[in-house]
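Engineer: Chain B: place on chain A using the hints.
Spelled out, the chains give:
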Amino acid sequence: MGRKTKIVLIIMSFLIFCVQSVLAAGHTPAKGEAFPNITLPVPEKASEMDYLGVTGKGSLMISQIKADLVILEIFSMYCPYCQKEAPNINELYNMIEKRPDIKDRIKIIGIGAGNTPFEVDVFRNQYNIQFPLFSDESFSVHKTVGEVRTPYFFVIKKNADGTNILVYSKVGSIQDPSQFLELIIKECDLK
Amino acid sequence: MLNTCKSFFLVISGILVALFFITNAFGASEQFKGKIYNPGMLKPVDSKTKLKAGMKAPDFTLPSVTGEKVSLSQFRGKNNVVISFVPAAWTPVCSDQWPGYNIARNIFEKNNAVLIGITVDNIPTLYAWTKEMGELWFPVLSDFWPHGAVAKKYGVLRSNGITERALFVVDKKGVIRYIDVHDINKRPGLEILVKELEKLEK
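Protein chains in written order, with the working numbering: chain A, 19 to 209; chain B, 89 to 290.
Here chain A stands alone, though its shape is the one from the complex (with noise of 0.2 Å):
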């Protein structure tokens, strides 16, 4: 092979690599389109088990989740807005645990975008967080939705085939939490 050749290669390969990082980053999802269906380990406590409904160990799918709407919020337990806006989500938790209505229809669920689970027990333990929280220590949840600031909440509504549709997203506070929850239940028609 010739030197020319050689560095040809070299070039192109560097090219490809870039290409795929490229397209690995991905797009952050609209409203109306699809979410992409992440994959996140199965939470080792029963509690959080029982709050989303799945079994077993392994990996599990935002469609495994047993519910009709997930809320999944991308946070950073180093991000100070994530920090201010914890609060809000809790009780934006207890608001739906204590409607019966919706309870077991709406999940929430956390992801600590470039956190390891130590940080993320960190962040947990501070705000006493009931709702399950997921460490993102490579980033790839975070690339996969297209590298959002912090906080980042995505509404997401499980169709019966199995796919995943966006029908809310919002950068940064969710302002008054019972506002946001009659807004998500009136965007995604449930009833």
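No wet-lab data here; the hints were simulated from the structure. Just so you know, nobody snuck in bad clues.
Simulated crosslink set (EDC-like; lysine to aspartate or glutamate; CA at most 20 Å straight-line): (1) A:Lys102 / B:Glu118; (2) A:Lys102 / B:Glu220; (3) B:Lys274 / A:Glu155; (4) A:Lys188 / B:Glu118; (5) B:Lys261 / B:Glu197; (6) B:Lys198 / A:Asp139; (7) B:Lys241 / B:Asp134; (8) B:Lys144 / B:Glu289; (9) B:Lys136 / B:Asp268; (10) A:Lys161 / B:Glu118; (11) A:Lys188 / A:Asp207; (12) B:Lys260 / B:Glu289; (13) B:Lys166 / B:Glu197; (14) A:Lys63 / A:Asp122; (15) A:Lys175 / A:Glu200; (16) B:Lys283 / A:Asp139; (17) B:Lys283 / A:Glu155; (18) A:Lys102 / B:Glu223; (19) A:Lys204 / A:Glu51.
Structural biologist: Below, chain B alone, put in the same frame as chain A:
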């Protein structure tokens, strides 16, 4: 024709490489939206410290954002100390490292450790920047004048006048027990620091 192909290839390559670097950005808080200056990827480490674990930590006195002066020696015999140098205010990574420590206060307290944050920025800049982080429980000190004198003593002043992203764990006796001069582009993981704190006498 061949030249047109070549230029086309070059332009496409350029775009792809640029996209590669843009999409490799890290998580950023909405809190700092539009306020962060991104210096891009920097040389991971640009200084060499002569300090080693087991040596006495050089003493210093610096002004803090809240007005008082803080000396390392004031904690001698009382507390373990974590000194966190971060490169500069209003830059990525730095802007979320301290907010993380801010919610880990009980971990520091459990290990009888105080945290001291230091940058070479001046007080007004540090004041505005740390305000964005919310109430910080630990002192933030300015090593602005004489510029980077303490950072220099610790061997973590880079050639362009900012500091490394460095952690020094100093025990109650004033002895350095752990040094992490980290890759400036990355945030040091919290658990490594916690493990080092847990090794110390409380």
